[in-house]
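Asker: Please put together the full structure from these sequences, using the hints given.
Numbering-wise, this note's numbering puts 190 at position 190 of the sequence shown, and it's gapless, one number per residue.
Misleading hints may appear alongside valid ones.
Simulated restraints, written as ranges between beta carbons of each label pair [said to hold, decoys possible]:
#1 Ala221 to Ser268: 34 to 42 Å
#2 Ala221 to Gly256: 14 to 22 Å
#3 Val322 to Gln362: 34 to 42 Å
#4 Ser179 to Asp383: 39 to 47 Å
#5 Glu269 to Gly215: 38 to 46 Å
#6 Leu310 to Gly349: 37 to 45 Å
Worth flagging that the hints you see were computed from the coordinates, not collected in a lab. Cβ coordinates follow ideal geometry from the N, Cα and C atoms, glycine included.
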Amino acid sequence: MIEKVGMTEKVGMNEKLGMTERLGTLEKLGTLEKLGTLEKLGTLGTLGALVLLSACGTSPPAVGGGTGSDSSSGSDSSDTADTAGTADTAPDPDGGGTTGSTAPSDTTDVEPFELEIYTLLTNDGRLALHSTLPSSMDACLALPGAPCEDLDADELVDAWEDAVIERLRPLRRLDEAESAMDDATAVFADVGRVIGVGEGVFRMMTMLGYSRDYGSCGFTAHSGDSERVALDLWAWPQEGVGGVVMQRAYTAAHEGTVSDHGRIFEGSELDMLVFTPDPATSQPRWVVFPSADKHATYATLEICEGISPLPCFDEDCGPDGVADPAAFDVLPPSANAGELDAPRLTDLGPLGFPGDDAWADQDFCGGLGGTQCSSSVRSKLLDDPFP
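Answerer: Have a look at this one:
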């Protein structure tokens, strides 16, 4: 049974996703639908094959009722969670592995690898990833036919990293006054990195890229805007050998400045996070709220609009009083940058940012060139915000 809730449609608890339960075609990847462009990156080829394999998987759960998900998209800040899942809490961390290249393609009396990847919300409203593809190379190489590559030499399976970035990165819900919406030259893209930091503990850092920062009150505008989010993830074996669940979340807002409003969410504060059915898969998708023109990233409308009452220092988020709020939702192309010493992506031109580099120690100028732009992409990928 589907019921309207605000700008989205929520699917009842544990109901199957019907026509969207398989990602059997490339079109159902959402932001990967422009695969011709992304293949040029040389970073998502594995994920393309991974998606084709997923047609053999079982049905992922739909977004169900609970706490922490999306219920409105305008100025109303009463977004609540939409939960579905098979467990209440995260397990103890469990993971690890070694580097390698490919898994055996044929093993006698061993069933071939079958890929299943989808997102879900646990019964306590935490975003999680179900994955039959392991994170570690050792575990992957033991599975006949599994896509086991580690081009960035970090002992994590590249295709698993790609899935984590693609499925757990947030949708950006823009303000109705966002200047980029009327700028035909505006470009959005995400650049991610996944690392292991302990036994069964991982970090996902994602740079949310904008071609331009439009400034505030006519001041402080500049080329390029590198914002970011980060997730602290724990292994969750009950959702597959590569399953992970969110333990902490970080949203950056004017990061590293005197008006830094970055925030870490953990424990009960994770209930504040907003989720919405992904427009391509109907599975849970994290939502963040960039401030108008400056793009500071906030987890909720209330946090954004409570920053300051002073003109030119206040923040506005979310599409208020518009006929089509969904028109202000942005989930752009994404890519996995790999590692500094073994990059899978350097040139950001294919993402729409010519002249910018994922790993160079240089300002990010949004493909527009110039100087005194925004923080380097490298810094957004390397700096761990979690203590």
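Asker: The structure should be examined with respect to each hint, and the outcome stated for every one.
Answerer: To see whether the hints hold, each was checked on the structure:
1. Checked against the hint of 34 to 42 Å, the pair Ala221 and Ser268 passes, with Cβ atoms roughly 38 Å apart.
2. One distance hint, 14 to 22 Å for the beta-carbon pair Ala221 and Gly256, holds here, with the actual separation near 18 Å.
3. In this structure the supplied range 34 to 42 Å holds for Val322 paired with Gln362, their Cβ-Cβ distance being about 37 Å.
4. Judged by the Cβ atoms, the range 39 to 47 Å given for Ser179 and Asp383 is violated: they are separated by roughly 28 Å.
5. Distance hint check: the CB atoms of Glu269 and Gly215 are about 31 Å apart, inconsistent with the given range 38 to 46 Å.
6. Taken as a hint, the range 37 to 45 Å holds for the pair Leu310 and Gly349, whose Cβ atoms sit roughly 39 Å apart.
Of the numbered hints stated above, those contradicted by the structure are hints 4, 5, listed in ascending order.
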